[in-house]
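Work from the hints to combine the two standalone chains into their complex.
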Amino acid sequence: MMQNKQYRVVVIEPSPIIISGIKHLIENSKDFLYVGSIADMEFLIQRLTPLRPEIIIINPSIIDFHKRSSVHSLFQNFSDASIVALCYNFIDSNILKQFDGIIEINDEKLKIENTLINSVNKNKNSETPDSSELSDREKEILISIAKGFQNKEIADIHNISIHTVISHRKNITRKTGIKSVSGLTIYALLNNLINQNEFS
Amino acid sequence: MNHYLFSSNMKLADIIMSNYRLLSVLSRFNINLGFGDKTINEICEQKHISEDLFLMICNVYNFKDYLPTIEEIKTIEINELISFLKKSHNLFINQDIKEIENSLNKMCSCCSGNHLSLLMKFFEDYKKEVINHLNYEETVVFPYIDSLTKNKEVNNYHINQFEENHTNIEDKLSDLKNIIIKYLPEICSPEQRTMLLQRLFLFQEELFTHSIIEDKILIPLVEEIEKGYDAK
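Chains as they are written, first to last, in my numbering: chain A, 1 to 200; chain B, 1 to 232.
Okay, chain B solo, but in the shape it has when bound (with noise of 0.2 angstroms):
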């Protein structure tokens, strides 16, 4: 298995190719198109960027199967790690949603009837869902991540309190995608109705992917360190 994944010696432009979703992991890393024929490896050091969690993580959005082993999750930079996801929660607020939103908007102004207001309201409700969870995140679980590592006093917290809260997301999404694929009448503007759907299954993904990363990689980093500060 190890032996198909992405070295540092491989060009970036050949791993983009080779997956376009990967797109969307460069700016979260700072690094902009234009970087020629150079390796995962220059890159990484020209931009200072941590190698190995740039491969991980590129490596979990790419191959379905993969998951780091421990021993290599202990080598993260936890704090790394953080401004990656913070980076991926900004994304979706004020990218991924806002685009999902307006691609909503343009589709129910090409059609008509009362219940283009109500799938307003269920994007709106659901929304708010998704922004509220990852507040959470950003208020609760990365502070005390950070104060774990300053070696500072936490209460009472701990990192299995942060349930994995993502089900909930994920299946309004999909009921979001039942609706649109099966039920809206079929005069509903075909056009914006399949491009919406486009970004609703990039979006999924991208979610999909999101948790994958704090399930498996995020939560098991933060628990060697909870071992750690708990044996003081």
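Excised from the complex, chain A in its bound form (with noise of 0.2 angstroms):
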């Protein structure tokens, strides 16, 4: 019988309560092997080497401050490994994006397999990082919504499929908050990609 993968998680976590939280949560699952915890960032690689983590599950408020912005390069000897953020505070959402899933405090076991599951999935195939800005091809797509047309014209206008158009416009309400094609056409205007004579 195949062997289940099991990925090896490290908790880096101050207080022994929500470390043996996270432990008893995910100790019965075929998923994930608990293998250790760090209460604070002290020789953290060196401390962390010899855990060989795949996820590292990490409270974002026990990283310095000015160090906050750069989470992946205080891991870049672990660049195989997932990170994940763990918030029972406020995080500004800056700092929240650059960690490949987010575990709230009131989140219920299932959630928080599927978040550590799908962040390993996350950082393998994150070629680039996660930017807020439109790409060009999502600006594109973007000006066809502005004008009204529907996916499929969308679609053949761009000569891509209907499934990438749904794709592109996930992105672009992901980065942009807007939901409504009348929204998505005042964002538009006002960053220039089309003018206003363009539509009626």
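To be clear, the hints were calculated from the coordinates, so they are not data collected in a lab.
One thing to keep in mind: the hints can contain errors.
Stated by the list, open to error - Which residues of chain A face chain B? A partial, calculated answer using Cβ under 10 angstroms:
#1 46
#2 118
#3 121
#4 123
#5 179
#6 180
#7 184
#8 191
Glycine included, C-beta positions come from ideal geometry on N, C-alpha and C.
Structural data, given as structure tokens:
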């Protein structure tokens, strides 16, 4: 029988209560193996290396303030490991978006497991760091959306599948925070992607 | 959990002090400010308000994780709940949306650009959507419930057809907030913009609580009544 792959999980978190909680939640999972915890950032790399982590769950508030904006460089020796934030107080969204996943303190067991699994996948196919800037392709699609074209038409115009159009639309909404077509039109106009004469 | 909820022997002034959003609940129960140190129990008696309903609504407003049990919901007089919801609708349309509209107009009059007409059009459409949604409840859902309670003939309508279509309404409000926070040019009247945003945030919270009251209290209560009706 094939042995299921178990990801080695390390928790970097000062509170013993929280650590025990996470340990307990993932202990019986066939996907994860809890291998240890670290309570502070002292000699972090030296202590982390022997644990060979594949998923690092870290509370962002214990990272030095000026290092928070470069989480991945902090763990550059562990580029294969996914980094998941564990939040129980307010953390700037600019800092959070560096992470491969976010666990909130009230999350249910199932949700936490999903977050961890997704973080591994996300880390695998992240060639470029996620930015909130729209890509050129996304801008083109956005212009078509603003002009009132439907998914099928947009697919034809840009010679891509509907599936790709939908995935572009999802990314555009994620980056701009705007869902409705009329809202996106205003966005396109404000960013000079279209001008008012181009649509009725 | 129940330990921390508001209860009838608390002073009304104290619970308002603890959460100013409850101010918007008062007028929907015809309670005016100036009630001194009266407790919730005293005021409800004086004003002939159902204490259970008043407390339930205040608790839903104040405690994010609170939902009454079906046993508690069953004690609610449905007509009183509907009367509350109707007053909420009225406030949304005649007060909240109007204020947002005024605020938006003021903001737009302080800055220039061809995007403003679009922004106003966006809100105009949004307003129509909200009014349509509320109208549907007033002209279809509430009359249906009324017939149901009066044991009148009801057509094939069932409350589960009442889809909780609040999502679209909330999405567009978020869109508007995003545009105003992130994408309007920096020079665009900062004071008016902040005021408008505060109103939008408050209104969104009101809508959110309103949809909880409809989805988690009204609908289960109607379902209970339907059960009794279908059994006949």
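Tested hints:
Because the closest C-beta pair between residue 46 of chain A and chain B is about 42 angstroms apart, greater than 10 angstroms, the hint is violated. Hint status for residue 118 of chain A: violated, given a least beta-carbon distance of 24 angstroms to chain B, over 10 angstroms. About 27 angstroms separates the beta-carbon of residue 121 of chain A from the nearest beta-carbon of chain B, more than 10 angstroms, and the hint is not met. At a threshold of 10 angstroms, the smallest CB-CB gap from residue 123 of chain A to chain B is about 28 angstroms, leaving the interface hint violated.
Here the hint on residue 179 of chain A is kept, as its CB sits about 5 angstroms from the closest CB of chain B, short of 10 angstroms. Here the hint on residue 180 of chain A is kept, as its CB sits about 5 angstroms from the closest CB of chain B, short of 10 angstroms. Here the hint on residue 184 of chain A is kept, as its CB sits about 8 angstroms from the closest CB of chain B, short of 10 angstroms. Evaluation of the residue 191 of chain A hint against chain B yields a held restraint, the C-beta minimum of about 7 angstroms falling below 10 angstroms.
Hints 1, 2, 3 and 4 from the list above are not met by this structure, while the remaining hints are.
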